[in-house]
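Student: One line per chain: the protein sequences are A and B, in this order. FYI, my numbering numbers position 103 of the first sequence as 385, with every residue one higher than the one before it. FYI, my numbering numbers position 45 of the second sequence as 39, with every residue one higher than the one before it.
Don't read these hints as lab results, they were simulated from the structure. Here the structure is a predicted model, which is why all the values come from computation and not from measurement. Glycine included, C-beta positions come from ideal geometry on N, C-alpha and C. Don't take every hint at face value.
Here are a few chain B residues that sit away from chain A, every Cβ distance over 10 Å (derived from the structure) [to be verified]:
#1 ARG16
#2 GLN49
#3 PHE59
#4 GLU79
#5 GLY82
#6 GLY99
Footprint (simulated), chain B over chain A, 3 or more residues, beta carbon under 8 Å [what the hints assert, rightly or not]:
#7 321 to 333
#8 355 to 367
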Amino acid sequence: GQQLNQSPQSMFIQEGEDVSMNCTSSSIFNTWLWYKQDPGEGPVLLIALYKAGELTSNGRLTAQFGITRKDSFLNISASIPSDVGIYFCAGRSGGSNYKLTFGKGTLLTVNP
Amino acid sequence: EAGVTQFPSHSVIEKGQTVTLRCDPISGHDNLYWYRRVMGKEIKFLLHFVKESKQDESGMPNNRFLAERTGGTYSTLKVQPAELEDSGVYFCASSQQEEGTIYFGEGSWLTVV
């Protein structure tokens, strides 16, 4: 089946630093999504990307849909303590296939 | 507007017992999904309902898992009999359209001992 390779697996940074994480796949996806999961909560959608090459921002978050449609990255600028959590990338093939394929997640810890 | 709600939030059962998880999607959302995250692994798709019909159940692990959505409203996921490897977080999600934004519930944390 389809797989997403998400890296890094975990990050430990200081408050104020920028952070970057990415996902790659051997398969093409028509949609890339980035979710954040806080402890004890479900994943919450941060950014959705629908077009190859698309660069989208949401506050301090910026994500890009790779031109090959096989990768995406998420950047967080000027991190703050509440950025702590697990970040997941997810891809959707489209057509009649609406299920999401998730990466294993990036655990982000921000040291105040 | 209420989000996707799941019950129970946590469940600890013995191997061989039965557990039923319930999901109430966002009102008006025809599409309902079940996903699962086993410890240390990625979140994996289980199945997709459109109203009361199973659109895609390709992710269901085996026949110990049974999902229903009678009447096209809430859904249940039954595990019978539960095995140790079934432990994990079971997420329900819903969307208004198949290509629309998918909203996740907080998850039902299942521990099989």
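Student: Now tell me, hint by hint, if it's right for this structure.
Tutor: Structure-based check of all given hints:
no. : hint       : verdict
1   : ARG16      : 15 Å, holds
2   : GLN49      : 8 Å, violated
3   : PHE59      : 16 Å, holds
4   : GLU79      : 18 Å, holds
5   : GLY82      : 13 Å, holds
6   : GLY99      : 5 Å, violated
7   : 321 to 333 : holds (count 7)
8   : 355 to 367 : violated (count 0)
In terms of the numbered hints stated before, the structure departs from hints 2, 6, 8, listed from lowest to highest.
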